[in-house]
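Enquirer: Here is what each chain is made of, one letter per residue.
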Amino acid sequence: AQSVTQPDIHITVSEGASLELRCNYSYGATPYLFWYVQSPGQGLQLLLKYFSGDTLVQGIKGFEAEFKRSQSSFNLRKPSVHWSDAAEYFCAVGEYGNKLVFGAGTILRVKS
Amino acid sequence: GAVVSQHPSRVICKSGTSVKIECRSLDFQATTMFWYRQFPKKSLMLMATSNEGSKATYEQGVEKDKFLINHASLTLSTLTVTSAHPEDSSFYICSARDSGPGGGYTFGSGTRLTVV
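Read top to bottom, the protein sequences are chains P and A.
The numbers in our numbering rise by one with no breaks, and the one at position 52 of the first sequence is 52.
The numbers in our numbering rise by one with no breaks, and the one at position 99 of the second sequence is 211.
Careful: at least some of the hints might be erroneous.
[What the hints assert, rightly or not] Looking from chain A toward chain P, a few residues come up when the C-beta cut is under 8 Å (computed):
1) A184
2) I205
3) S221
4) G222
[As the list claims (entries may be wrong)] Derived Cβ-Cβ restraints for the label pairs, each shown as a range:
5) P:S70 / A:S121: 36 to 46 Å
6) P:A1 / A:K176: 31 to 41 Å
7) P:G28 / A:G165: 28 to 38 Å
8) A:R224 / P:R109: 16 to 26 Å
[Claimed, not checked] No farther apart than 30 Å at their CA atoms in a straight line, the calculated lysine-lysine pairs in the DSSO-like style are these:
9) A:K154 / P:K99
10) A:K154 / P:K61
11) A:K176 / P:K99
12) A:K178 / P:K99
Calculated from the structure, these hints are not laboratory results.
Being a predicted model, the structure only gives us computed values, none of them experimental.
Where a beta carbon is used, it is the ideal one built from N, C-alpha and C, also for glycine.
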């Protein structure tokens, strides 16, 4: 069965500092991987996705993620965090066209 | 890009009444939509997969008779919470699969349901 682990429930970083949010997955085949961001009381916005090809994926808002098959990881990174990045981030895995399985989410706090 | 409209964004209803939530794909056709429920400070839990023109597929533990799903057209899926109780209070989010090139999953903005 598919599963996603986001080991960090909360992360606090200073504005301007770099960010890495961890995501590990369990999936039997080649996974489709996603990162979404959710602001309080809002829906989910897609940051980036990986289907195949280059393992370093560029997304919106300056985010990127790297697929590492050997580590079953798909960590999200940003070189310089802005206060507006404070939100909850979800990693998800799925078979294309079918349901997604979400991680528990990581709440990002940005301190000035 | 693909847009999914979900409404209402917030609804308060009395116990025992029914509430309908709509999910529309605005600029694409969605043969498949997904309904999720999100508890406070929790992740999204898939409730059911809605397929246009056929019965929805419910996840284990989700009551089919309580959470009625209808996907009557390629752009509209509805979730009706029947005989709502306070424990049904939650944040419900729909998602549609965009079948376009490089398509993924687009989410609605969610519905905050409060049953009093």
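Enquirer: Does each hint hold? Answer for all of them.
Expert: So, going through the hints one by one against the coordinates:
1. A184: violated, 21 Å
2. I205: Holds: closest Cβ of chain P sits about 6 Å from I205 (chain A), inside 8 Å.
3. S221: With Cβ-Cβ at 4 Å, under 8 Å, it holds.
4. G222: Since the shortest Cβ distance to chain P is 5 Å, the answer is holds.
5. P:S70 / A:S121: 36 to 46 Å: holds, 43 Å
6. P:A1 / A:K176: 31 to 41 Å: For A1 (chain P) and K176 (chain A) the Cβ distance comes to about 22 Å; the hint is violated.
7. P:G28 / A:G165: 28 to 38 Å: Holds, since G28 (chain P) and G165 (chain A) (Cβ atoms, about 30 Å apart) stay within the stated range.
8. A:R224 / P:R109: 16 to 26 Å: Once the Cβ atoms are compared, 23 Å apart, the range 16 to 26 Å for R109 (chain P) and R224 (chain A) holds.
9. A:K154 / P:K99: holds, 18 Å
10. A:K154 / P:K61: The given pair, whose Cα atoms are some 24 Å apart, holds under the 30 Å limit.
11. A:K176 / P:K99: holds, 18 Å
12. A:K178 / P:K99: holds, 21 Å
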